[in-house]
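Student: Protein sequence lines correspond, in order, to chains A and B.
The numbers in my numbering rise by one with no breaks, and the one at position 83 of the first sequence is 83.
The numbers in my numbering rise by one with no breaks, and the one at position 302 of the second sequence is 302.
Check each hint, because a few of them may be wrong.
To be verified - Simulated crosslink set (PhoX-like; lysine-lysine; CA at most 20 Å straight-line):
(1) A:Lys-7 <-> A:Lys-68
(2) B:Lys-60 <-> B:Lys-88
(3) B:Lys-88 <-> B:Lys-109
(4) B:Lys-264 <-> A:Lys-189
(5) A:Lys-189 <-> A:Lys-166
(6) A:Lys-246 <-> B:Lys-193
(7) B:Lys-136 <-> B:Lys-111
(8) B:Lys-264 <-> A:Lys-246
(9) B:Lys-128 <-> B:Lys-111
Don't read these hints as lab results, they were simulated from the structure.
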Amino acid sequence: MLLDIAKLSVSYGEHLMVQNVDLSLDRGGVLAIVGESGSGKTTVIRAVLGCLPHEGRVTGGAITFNGKNLLTNTVAQWRQLCGTQMAMVFQDSGSMLDPIQRIGTQFVEYIQAHSSMNRIEAAAAATHMLARMHLANPENVMQRYPFELSGGMNQRVGVAMALFFKPQLLLADEPTSALDVTTQAQVVKEMMHICREDGTAIIIVTHNIGVAAYMADEILVMRTGRIVEQGPSSAILQDPQTDYTKELLQAVPQIGEVHHDLY
Amino acid sequence: MTYIKPTKKAVLSIRDIVKRFPTADHRYLTACNHVSLELHQGESLAIVGESGCGKSTLVKVIMRLHDATAGSVLYDGQDIIRFTGEEKRQNYRHMQMVFQDPAQAFNPKMKIRDIVCEPLYNFALLSKAEAENRAKELLHMVELPADFADRYAANMSGGQRQRIAIARALALNPDILICDEATSALDVSVQKKIIDLLLRIQQQTSLSIIFICHDLALVYQMCHRAAVMYLGNIVEVLPAGYLKEAKHPYTQALLRSIFPLRAKGECEVATLQGEIPSPLDLPQGCPFQERCSFCMAICRETVPELRLIGREHMVACHLLDVSEKEVKTEEIE
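Just chain B, with the same shape it has in the complex (with noise of 0.2 Å):
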């Protein structure tokens, strides 16, 4: 895989975002709790954490299909998040989403012709008469024949649907490309094909990917960093080559959960005990300090902040100060 080195221009700036759902018993349910994180551009960004951690719902925050409770999304110095009407509708041109279900992604009624150049005729870019040129061009930027723009979404398999999918999410040359989930359906060998085509297309235009995903190995191998999230905040950001060096006990506990490739016996897979504790009462202090064998007085009553502790890489954990104070007092002594 061939990879863009990244500029460190934020294309997009998300700030101290926070994300309520009110619940039936007058409560509140808090998926993102105070997320702030930048998007380079031609960058891939990984957000990774386990189901219910808020990786979502931070995404469609962004793409405004949920209202944010409070925090600012900034693109090209405005605040997406106070866009109302055609100014929201116009700033679609900008940012796009591949979504999980690529059957599920289509009107089953409409042919691929008019499914990858719908976005075009939103914004009048397009008549009609062109969209048979502009069709087959966005094919062959997906690598599939031209004659599949007379094929419906049905009788395409999960891989030839996604390629569509971004095909369609990149008709409008969006500067930031989303992906929730976009390979987890599909088997490895489809998987890898696809992310080599998304490589490809980030290399040509030098688009900036926010890559949501599960799968620790494949931010690895396509990303450029990840950010790990936790019960709605985020925990660890650092450069995805360097998840080796992650700091974290989360992001270890997630790396060490992974079966790699070796025959049985080979090899011991470690365990986090427990599930993801209910982002209805959000504990006191840490987010994580349910499940973590370090956890210690000082996690139970402050929330660790998200500290810069080398190149690229932040960390929200108590135990780095714990580590720095030893480090200070061996040099003393």
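The shape of chain A in the complex, shown without the other chains (with noise of 0.2 Å):
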């Protein structure tokens, strides 16, 4: 098993944000947590890689990567394991990027911070990493600064520089979200591409009910903090058990056939 959490519980202060969650991803999974906003899906998978904001910190239960308990992790650990072993993709990598420096120099940076390739080598590999993703003309982006590419092209920036060191575990949060439907397909197709030739687990975090079913083998509904319903993607989706998640799926806008004749 890769990953597993044991019934944890993570506070904002006073205020109780995650409570009791429990789950577990073998390696080469996909996990998908779905939920409205402020269901605390992304705190579940900040605590995973040890980057609550503000206030957050967790209060209880254990967080255990590859039968290590990630809880006890001293900077010097999280340095080592950020980065190469679990990388995290977050919902708009426009301005997760320096606005400052070029593509090029940040991913550079980057494979340098955690590798001892050289900036030649580095470079090169930045590129051909770029290329994977299915960036057009890849050494012209790596020249380019972060406001000269579109938000489908950041993204795939990030979703490059995340998976660059082939992680064990790729979080993704909300990964596409602020993306188009054409360039949503695109980014949700390449990166679970790149994933099932590493062999990278993901936990995807996400609102699109849809992106979750194509991409995980289990699903977990997830309501003010608390796990609402978990199982494989096909069970939930055929035979939601609570009604919480009839309501979510219901709520989903479909195509179906012809339906409303109104002229």
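Need the complex rebuilt from these two chains, each delivered in its own frame; the hints are there to steer you.
Tutor: Here it is in structure tokens:
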């Protein structure tokens, strides 16, 4: 087992945000966490990566990654882990990137921070990785600033950076929510393809249940900091057990057959 | 969901609207390229397309937030693009807008009562003394409790704020409501409630709605007609319930990019290659030629015209000529 979370509770100051969350993930598996905003789904994956914001802290439970308890990690141990064994893709990679540095500069810096490659090797490897994410003309992209790229291109750069070291676990926080449907379909497929090739496990947090269904083997539905329902995606989609999941699924607009004849 | 049957009477006619923005290097960015559309009374018309296709620019031209480079927009027989000064201001009584991000749409220091009544104050239709009752009515219309009148927008959830935005837009009883991605910042369950609310209000008041959206599934469920825009051009207009019968390769590609609620491996999602090209130098010929898998020689030369091919169904694509010719030759043979 790659990741095991047992009875996790997270608080922001006095406010209990996540309660008693249990989940586990095998190597190469894909898990989707769905739910409304404020349900604590992002908090869970931030706790896994040890980057809870502000007052956030883990108040109970355990997070075990590769058999090791992450909650006792020192700063040095986190640095060894993050980026190479575990990586994160954010909703808007455009604002994760440094606005006054070229893509190439930051990508090379990122690679050198975690490996012993020299600049030229790192630049070549980065260009190769951008090409794997189907960015057209990757040499040119390396020379651009984030503001010169579209949202979809920035997001591809973010995914390329996160997957560069073939991490064992990718944490994706709403990776396609800010994108158009066409770009979303491209990025989801490219991300899945690379993860499958490299054997990377994914936890994706999303409110797009269609994307969750496409990617995940297992879906976990959260509401107000608790797990409402979890199980294989086909079971959750076809036979939801709780009223909340049913309501959530019913609210998703879908295209069916010709339905209203108004003209 | 319940729908009203719209009339065929055009409440707004957009005719040949062109909007170009000059750029720093003396070129022009064409956001809208000869767009013509009609909005019928009591109808919800969706404008769909990827970001950068010009859909927001189009409604900003209608709302007079941008000045059009060419073209006209007729409301009640008058070209509202030519309006200036007081005439332009008075025109806002007939059309109002709801914006994408409800968190940024309000003055944080104003109480909800003043926010929803402000349009009425602006046109001197309401005295401060009457505000209390009018605010209650408006809040009731959008299904919010009356005591929200004394709150501030910051203390509300996204869905509640979007209801306030709708109440404010409808305070003047406009004929036309323009929603610019009004639900894309909301959760699906909240989105559903907002859509139900809009449809209910439309039923009661036969309001005409222009609904900018990039979620085709939502358009399919709530709108009467959908106009698909690509690179500043309208490429297809069709009844939203018939989206699956779309003929334009771009509309078909958009439909195939949607992730349905099916478990892994049960369905395949096709992707459109590349990104929307730069609107700085529009290609000669069909705007979609670079990404179209059926691109022919003629597509690189002439722009296909929007033609009526069925009930309320218009398509701008050269492929239709080809299939027609094929049908004709088959008939002859």
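Student: All hints, please: hold or fail.
Tutor: Comparing the hints with the structure gives:
no.	hint	verdict
1	A:Lys-7 <-> A:Lys-68	holds (16 Å)
2	B:Lys-60 <-> B:Lys-88	holds (14 Å)
3	B:Lys-88 <-> B:Lys-109	violated (28 Å)
4	B:Lys-264 <-> A:Lys-189	holds (12 Å)
5	A:Lys-189 <-> A:Lys-166	holds (17 Å)
6	A:Lys-246 <-> B:Lys-193	holds (15 Å)
7	B:Lys-136 <-> B:Lys-111	holds (13 Å)
8	B:Lys-264 <-> A:Lys-246	holds (19 Å)
9	B:Lys-128 <-> B:Lys-111	holds (13 Å)
Comparing the model with each numbered hint stated earlier shows that hint 3 is the single one that does not hold.
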